[in-house]
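Q: Residue numbers (my numbering), protein chains in the order written: chain A, -9 to 127; chain B, 281 to 469.
In case anyone wonders, no lab produced these hints; they're calculated from the structure. A couple of the hints might just be wrong.
[What the hints assert, rightly or not] Just the calculated beta-carbon pair ranges, DEER-fashion:
1) B:His320 with A:Tyr55: 42 to 50 angstroms
2) A:Leu82 with B:Asp340: 35 to 43 angstroms
3) B:His320 with A:Phe66: 34 to 42 angstroms
4) A:Val118 with B:Ser344: 50 to 58 angstroms
5) A:Arg(-6) with B:Arg354: 41 to 49 angstroms
6) A:Gln83 with B:Ala290: 23 to 31 angstroms
[Said to hold, decoys possible] Derived pair list, reagent style DMTMM-like, types lysine to aspartate or glutamate, alpha-carbon separation capped at 20 angstroms:
7) B:Lys308 with B:Glu330
8) B:Lys367 with A:Asp(-5)
9) B:Lys413 with B:Asp340
10) B:Lys367 with B:Glu429
11) B:Lys308 with B:Glu443
12) B:Lys367 with B:Glu345
13) B:Lys367 with B:Glu326
14) B:Lys464 with A:Glu(-3)
15) B:Lys447 with B:Glu428
16) B:Lys447 with A:Glu10
17) B:Lys413 with B:Glu330
18) B:Lys368 with B:Glu326
19) B:Lys308 with A:Glu58
20) B:Lys447 with A:Glu0
21) B:Lys413 with B:Glu402
22) B:Lys368 with B:Asp412
23) B:Lys308 with B:Glu429
24) B:Lys447 with A:Asp44
The C-beta atom is built at its ideal place from N, Cα and C for all residues, glycine as well.
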Amino acid sequence: MNTRDRENEERLQAEAEAAERQQLPPGADPVVNEYRLVVRALRQPPNIAGLPMDFAARVARRAIYAEERGSFEDWFVTGLMLAMAVGALYYLQPVAANIFASFNMKVPSVPWPLLIATALSVGAAWAVDQGLAHRKH
Amino acid sequence: MTEDEELVQAVLARAPRAFERLVARHQKLVWHMVYRMVQHPEDARELSQEVFLRVYERLDQYRSESSLSTWIGRVAFSIAARHLERKKLPMHEARAEDEEAEPAWQQVSDGFDLEAACADHETMQLLQQAIDKLPALQRTLVTLYHLEEMGIGEIAEVAGLPEGTVKNYLFRARAKLRAALESKLGVAA
Chain A
-9 MNTRDRENEE
1 RLQAEAEAAE
11 RQQLPPGADP
21 VVNEYRLVVR
31 ALRQPPNIAG
41 LPMDFAARVA
51 RRAIYAEERG
61 SFEDWFVTGL
71 MLAMAVGALY
81 YLQPVAANIF
91 ASFNMKVPSV
101 PWPLLIATAL
111 SVGAAWAVDQ
121 GLAHRKH
Chain B
281 MTEDEELVQA
291 VLARAPRAFE
301 RLVARHQKLV
311 WHMVYRMVQH
321 PEDARELSQE
331 VFLRVYERLD
341 QYRSESSLST
351 WIGRVAFSIA
361 ARHLERKKLP
371 MHEARAEDEE
381 AEPAWQQVSD
391 GFDLEAACAD
401 HETMQLLQQA
411 IDKLPALQRT
421 LVTLYHLEEM
431 GIGEIAEVAG
441 LPEGTVKNYL
451 FRARAKLRAA
461 LESKLGVAA
């Protein structure tokens, strides 16, 4: 490719673009005028029905719904994990006690009512906090 | 603080209808870009929606280093590019056409009846068809430059390409369109 030809062509394109921006009448150079047609066509939006009128509202609703559903799922999974952990502790305590007994170690007895009450209080405080944060938004 | 930055802050603070305003402000850019890339109206509408859902999820990562439209453009570009990749559609033109063939601007002659062409609505349609036939990447770059009036630097950022490459693609696309214009109008090359 000849560099000079390429530079000349680039100059013609730039002239066409400038002339088109300034809305000048067609000039004497036919190549520039051809490029002006090209530039004019490129400045036209695609000739097809675009996005629906309510696109923005619809997408916004979907985004907020996805976020809310996501935060509910997070909350649900956290609760489930917590319940499983407490359940596992409850069922494994006698087994652990036997294992520790075989090592001549004494496992402290778990104060279940106090533990459950604490877990419920922490859970309730967290839920209230989440609710307040959500209302602020 | 610019209007876009204020809008971003409002969306992050979950202000009512803030995100809707953000979408309305940038949906034209996303639609033009995505449609030009995938050229399938239904897919383009779906992908435009996906772009804004991604923007909503990741808006806290926006750092005002570039304009919001550039940032959203980058999201749109990557989503549309991945769509083309999944559908095994090419982003670039074939290498042979790129390097071996005679450059498009050398295939055209210098004159034709411009006045008639200007007056002719068909000419614009012919050019639109020629634009549709450009490789996806070139179509997108010329759309960002001419229709969205983005600067070369911004386009380079959106497409993740060096500025020189963007300029080269723009040059070639315009030359190809001029060649298409002449060949369609039946002017001897």
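Q: Among all the numbered hints in the text so far, which are the ones the structure does not match?
A: Those not satisfied are hints 1, 4, 5, 6, 8, 9, 10, 11, 12, 14, 17, 19, 24.
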